[in-house]
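Given chain C's structure and the hints, the job is docking chain Z onto it.
Residue numbers (this note's numbering), protein chains in the order written: chain C, 1 to 892; chain Z, 1 to 892.
In case anyone wonders, no lab produced these hints; they're calculated from the structure. Hints are not guaranteed to be accurate.
Taking CB as the label site, the calculated pair distances span [stated by the list, open to error]: (1) C:Asp-830 / Z:Pro-825: 50 to 56 angstroms; (2) C:Phe-541 / Z:Pro-324: 49 to 55 angstroms; (3) C:Gly-852 / Z:Arg-604: 46 to 52 angstroms; (4) Z:Pro-825 / C:Ile-603: 39 to 45 angstroms; (5) C:Thr-436 / Z:Pro-324: 54 to 60 angstroms; (6) C:Asp-826 / Z:Gly-852: 40 to 46 angstroms; (7) Z:Arg-385 / C:Asp-830: 33 to 39 angstroms; (8) Z:Ser-738 / C:Cys-309: 52 to 58 angstroms; (9) C:Gly-852 / Z:Arg-385: 40 to 46 angstroms; (10) Z:Leu-667 / C:Met-847: 31 to 37 angstroms; (11) Z:Arg-385 / C:Leu-815: 51 to 57 angstroms.
Don't be surprised by glycine CBs; every beta carbon is placed ideally from N, CA and C.
Protein chains: 2
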Amino acid sequence: MLFTKSFSILPALQISIQPSLMHSPPLSPQLLNSLTPEENTQCQHGLYFQDGEKRVDYILTYHIKKPSSSRSNRQSSLFTDNAFTRSFRRGTARLGRPPPPQPRGDPEVASQDHSMDYHEDDKRFRREEFEGNLRDMGLELEKDEDTKTPGVGFVKIHAPWHVLCREAEFMKLKMPTKKVTIKSFGVGAKINTLVNKATEPLHPNVEENRAQNVKHLSYAFSREKQHFLLGSGVYTAAYPLHDVSTHCNQHLLYEEWASYSVFYKYQPIGLVRKYFGEKIGLYFAWLGLYTQMLIPASLVGVIVFLYGCATVDNNIPSMEICHPRNNITMCPLCDRACNYWKLKEACGTARASHLFDNPATVFFSIFMALWAAMFMEHWKRRQMRLNYEWDLTGFEEEEVSDHPRAEYELCVMQKSLKKEHKTQKVLIAYCLIAVTSFQIGVTFAIVFGVILYRISITAALHMSNNPTTRSNVRLMVKTTAAIINLVVILILDEVYGAVARWLTVLEVPKTDKSFEERLIFKTFILKFVNAFTPIIYIAFFRGRLVGRPGSYLYVFESYRLEECAHGGCLMELCIQLSITMLGKQLIQNNLFEIGIPKLKKLIRYIKSKRRSFQEEEREKKLQRYETDHFLEPFAGLTPEYMEMIIQFGFVTLFVASFPLAPLFALLNNIIEIRLDAKKFVAELRRPVAARAKDIGIWYNLLRGVAKVAVIINAFVISFTSDFIPRLVYQYMYSPDGSMHGFVNHTMSYFNVSDFQDGKEPMDPQHLGYQVEMCRYKDYREPPWSNTPYVVSKEFWAVLAARLAFVIVFQNVVMLMSDIVDWLIPDIPKDISLQIHKEKILMVELFMKEEQGKMQFIDSMTPCHGKERNNHAPIARSRSIPHTHSHTHANNF
Amino acid sequence: MLFTKSFSILPALQISIQPSLMHSPPLSPQLLNSLTPEENTQCQHGLYFQDGEKRVDYILTYHIKKPSSSRSNRQSSLFTDNAFTRSFRRGTARLGRPPPPQPRGDPEVASQDHSMDYHEDDKRFRREEFEGNLRDMGLELEKDEDTKTPGVGFVKIHAPWHVLCREAEFMKLKMPTKKVTIKSFGVGAKINTLVNKATEPLHPNVEENRAQNVKHLSYAFSREKQHFLLGSGVYTAAYPLHDVSTHCNQHLLYEEWASYSVFYKYQPIGLVRKYFGEKIGLYFAWLGLYTQMLIPASLVGVIVFLYGCATVDNNIPSMEICHPRNNITMCPLCDRACNYWKLKEACGTARASHLFDNPATVFFSIFMALWAAMFMEHWKRRQMRLNYEWDLTGFEEEEVSDHPRAEYELCVMQKSLKKEHKTQKVLIAYCLIAVTSFQIGVTFAIVFGVILYRISITAALHMSNNPTTRSNVRLMVKTTAAIINLVVILILDEVYGAVARWLTVLEVPKTDKSFEERLIFKTFILKFVNAFTPIIYIAFFRGRLVGRPGSYLYVFESYRLEECAHGGCLMELCIQLSITMLGKQLIQNNLFEIGIPKLKKLIRYIKSKRRSFQEEEREKKLQRYETDHFLEPFAGLTPEYMEMIIQFGFVTLFVASFPLAPLFALLNNIIEIRLDAKKFVAELRRPVAARAKDIGIWYNLLRGVAKVAVIINAFVISFTSDFIPRLVYQYMYSPDGSMHGFVNHTMSYFNVSDFQDGKEPMDPQHLGYQVEMCRYKDYREPPWSNTPYVVSKEFWAVLAARLAFVIVFQNVVMLMSDIVDWLIPDIPKDISLQIHKEKILMVELFMKEEQGKMQFIDSMTPCHGKERNNHAPIARSRSIPHTHSHTHANNF
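Excised from the complex, chain C in its bound form (with noise of 0.2 angstroms):
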């Protein structure tokens, strides 16, 4: 049964052929075999079969069991033989001669001496029967299980010429038929050569042409049944092998692509999608673009932030707070413990405070809205020049992974239950619900732990005399707090990824990209809150509904929730912003995605060499599948993706709060483009090469996280800022339409003879005078209103006020984003124009071939009815090599 459902599967199996692959002259495998010799001299061995003619297209291991008594002799005769015939071959190859195959007995009957368990049997015939069937296929099978990798047997695939090309049909493969060159003239190109010209060095040094001679076949099986052989142990690993011939070629991947010498280049995008196929192409490409957006973005934000520093001299606010006669005496900030302060304390803070909390950050914050949805609509656009210049435009996705997952049917085979299956999924949509609110719960705890550490620090700080240490060990606490934050957010990263994966794997979604959405959908949701918690409590929620003096309000009877310093909490909120991010980036991109890698590679070679004996011979001459054999297998783009879309989520979302955020994004992104480059073409074992015409989910998701920033930053201007209070101040309140006197207009008044029992501080003497009045922070009506202390009008029209700013920003940003949608042409106008020229020529060809082939019929009417039916099917199934040889022909 099990076996009856791959064969099912077979036909849908996917080759991943390049385009390049077709220039070269398809029908004729001499001339193909003529080049491999050549080749090999120069490259490593192990990529071609024992005949050293058929490359080795993909590799699928197993497990050996072999009782340990026999091994080790076996091995080495083995050995012995092996690296014979091995450095024979390399000679004669160096000949350029390819070497005779080598007649050798099957290995599988050497290991059927050995008594086995029922299990290993039956994996056994389960391999050979699914063997069977690739062979049935058209693909030519050849095994080593006399490795110098103890236990491990690998299959080595090859998939022919014909197989290639009938794939290459099913998959709608777009084949090059005629070179078209459009020539632009008029000023547009000249400035066009201008700057391609002075951008030159920008450009990594890499002649995409000469690509054309690569032949890359990597033969990509449906992952699905990778999973379903993989899953039950029958094989224990699928890979393709790193490609000689584009491993020779690997200097120029090395030099212009994975290294940091070459920062400032484009990537070799063409190149990497060569090596890597279109999925992975589509990633960086993706990462070089929001690489390359940033650059303005940095720009912008490193101005805006500079206009601040220029500013902060002539800010009446905190000039006023900093006025030497400034002699306003301060409530206490809590009962008993604090005292009266001096507004005069606040000065460092406020100044700071202006750095992020100026006018420039409200154009900033639009500026950003617009930004994040010209890099969309500038994806779209790139994407879709990539489609056209990968030939991906006829491509329909949904070929690739509409089959059910192999854990699907599993599953469905074992419980056969549907409804069970859909009460299941309710189950598991209120079990997302429950996690994400726990997480909330969970991170809210945290924040609120690191409060009450504030908070407990704060409250010892106070007892101190000395104020500018008190101020500065209050710069401290925040640091330490936001620094604690970082670590939990760090740690609870990696649980909610393991969550995720739990939950997905729970709700048993029916085919391989459905899992990977929902996986990515719930990965992000988890990661995201997890990030953005603690910045929206700080954002939000600090400093609001903290009563006033004399009835602070408090939680659970003894803590209250915290007061942001005098000026805003946009403050804190930056600090917060800035160490999560640059602890995030430092952290958990380099180190983790360096050091892990690094550390697992090590630990697999040690634990291999443990078993394995004459290490040092070996390690020379190990085969090309069995160096690969050690890396580290690929695990998909998903944390790639989800790292950058984090970062993106920092860069907009409260960029209004923080200015610099894209500069710190630009500096991260110009290394993770190359660590990643060079993890991918050296840590890694090569990914299967997947087409892909569009990043997919990932997509959405920016356009969420961009649509979500522009409420966000609305609220982040108007509420956590003092933008509003002070344009409020400034037309409506103020005498003469100057700030002067906006300190004084935004802080209460308080009587010290209204404090009950046990709230007044306890040294009211402190500050070395009786106190009266005290000021605190807030619309509240003056003792000697007739409804005190109670929110005065003014906080209700500053509420108005900042409620209608955010309709306003919010409605003007959206209109302004889909303005922007609107004008920017999804399909650059090159592109679409060479489309539509390309469309014209093929309507010419195909109407001269017509013209030929009406002649054709009439000069041989009378036999032609009887050719069709006999010829027509073969000449239909092979027109890509037909024409294409027939076209050839022309140019010769």
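Then chain Z, alone, in the frame of chain C:
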């Protein structure tokens, strides 16, 4: 030069062949023709060439200028000849045998006898060259200048089978290869069967299978060429014929589609699409879905309205106003002319307002926002389903319309100035903005005029003493004002349509598609603004900024902004909405749409009658292409869509104030579908069948309207209705949490001694007692406060609540719409399943074919290479009919 251009366009000629055509054995003209005479017997003449075999696929008409002296006798002599041959042919056709081809002299030679001026000669030359090119393309032409329509020459065009096949291949038309029946089991399928049985009477009595024998060969010229030749006067009209075979099925279309008696049935969309092409089919499918979706919306709307009716007696605020012991004296509503009045007078309005201003309307506007999102999603799904059923899944829109427009080419030829074009574009953008502002100005001016009318009438009425007359007449004034507004809107609508066209023509867009889109966009903007400006004025501007008693605000010193009646402006908004909507639908849609085409047809008929001879006889024996010539040419779907999208605006934009809008729209649309159907079947020349995958820009406009609807409804609920003030009172100010005292709370006090000179009422004793303190509806400080008459804290609190509601409403509804968008997959599950299964079947079929091929190659290897080079191109380009006949052969 003109003709090389037209030649280069020729290869892109498009043919819309219906897939049903492909069902008939294609490569046997004998079979095809053997069917023809049978059909011919049933149907009208003029549908075939003179030989009775070749079908007329397309008609070109041109103007013939003949000296009037020789015309009459020539005509009559030719007429008898024609009548004879025709009746002869008809006779023979009835016998089931095609008539022999009639050898006839070239009519072009006959017309050359007469002297013509240079201009006519040039046109004739162009026609000849163009027709020569058409013949080169493989088309067959026949001329008929001797019709009974004097002065009009007809060119009948027939597209032979091989041309159709070639074009079908260029267009990548899909072809049925094998019948696939996918059965569904389980409970779901059973329910489906039951549902199908239950809805049986709703389906039209059309056997879709029966239509398979209908051949529909409308040969669609690319429209730009039409313009090109029609625009330069070479030809006067170009249209395909109303199809005979379908015309014989026209009973079906008439009875099952274009009839009011089947209003409750689904439309036979498949048949409509067969007859009119995909573009018009999509319009009717869209209209049908929209009408269907209106059913639940109008149901809920009626329920909401009934809820309002049922609760009007329990509504505390209106009870308080109408309470007999209510003795509140209200301030005069205008200076001097108006008097004090009793709040009790507003009882009727307050009760009526409750019908549209109750908590259910809030629910309803959320419901309608989600309804709009649902409608969009359902349309996407329906469109996908139709794409699948109509085999459009692989079709790429852009092929149709990327050719530059003829006008554009002419313009470029004439001016050949690219720069000027660019500056002109900028100019036109400014122009559009100017026109829109001007238009808004005009609309406001008209609104202002209507206001003036109302104010003067109202002021005059206020002089009268009878309070009940006054309140009745007030309503009358509102209604007449709304009617005046409506008439102005209707007139301006036509004006703006012309303005939009003029602006777009000025712009000279490059392609036909962009021309259409720009025109639609401009027309939409102008008509939308025109329709909704008065309504927006009433909803958001009337009643604001009126000032207060004693200092009412004046514009231009003498006119003041109107106030709304007590109970909000919602009532007036409702009247304005219902009158505009009903009036627009009744007058514009039905009167204009039915009346004007009939009138035009009559005029055209009378005109041609005046010029013609032997009228009575000719009328009965007109060729099909002549009767079609008298029909109104098809003017595109733009007016139909535009009408519907404005209606969609009425249904969604202000639904919070008028829950009956969906019901009115539903009633209108039930008529509209059948009306449009009648128009298309009988009143218009047959439109050129155009392929389309979607409804294009209209979908974006619908989305835009749905988006705007969310924010407008948020504002209507929070600012136009009293919903928020009621909530604020209930939760912030009410002593017992009930609504008692709300009316009192919303009214401020005014001390009559504060009236400035000349502003107090002329008749202070009007109510029979001396007024010292009057009330007015506003949140202002009382006269005894420190700051009398400035806005109070309550005002700001209510404003903040209103704004907060807008933010919450907008974001919640947008989020819910996004979730709806996300939850409903764009492709229906059964369709995606079917597509997937078909793909697998296809792959299996080709796999079998390939296995056969492999065996074939093995057996024929030596001669393979040679054969390939000779036959490949033929077999390739003819592959569609080949495979078809191949699979057919398998079936027999």
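So, going through the hints one by one against the coordinates:
1. C:Asp-830 / Z:Pro-825: 50 to 56 angstroms: Distance hint for Asp-830 (chain C), Pro-825 (chain Z) is violated at roughly 34 angstroms.
2. C:Phe-541 / Z:Pro-324: 49 to 55 angstroms: holds, 51 angstroms
3. C:Gly-852 / Z:Arg-604: 46 to 52 angstroms: holds, 48 angstroms
4. Z:Pro-825 / C:Ile-603: 39 to 45 angstroms: holds, 44 angstroms
5. C:Thr-436 / Z:Pro-324: 54 to 60 angstroms: holds, 57 angstroms
6. C:Asp-826 / Z:Gly-852: 40 to 46 angstroms: Given range 40 to 46 angstroms: holds, Cβ gap about 44 angstroms.
7. Z:Arg-385 / C:Asp-830: 33 to 39 angstroms: holds, 35 angstroms
8. Z:Ser-738 / C:Cys-309: 52 to 58 angstroms: holds, 57 angstroms
9. C:Gly-852 / Z:Arg-385: 40 to 46 angstroms: holds, 41 angstroms
10. Z:Leu-667 / C:Met-847: 31 to 37 angstroms: With a Cβ separation near 53 angstroms, Leu-667 (chain Z) and Met-847 (chain C) fall outside 31 to 37 angstroms, so the hint is violated.
11. Z:Arg-385 / C:Leu-815: 51 to 57 angstroms: At 33 angstroms between Cβs, range violated.
In the structure shown, a violation is registered for the earlier hints numbered 1, 10, 11, in ascending order.
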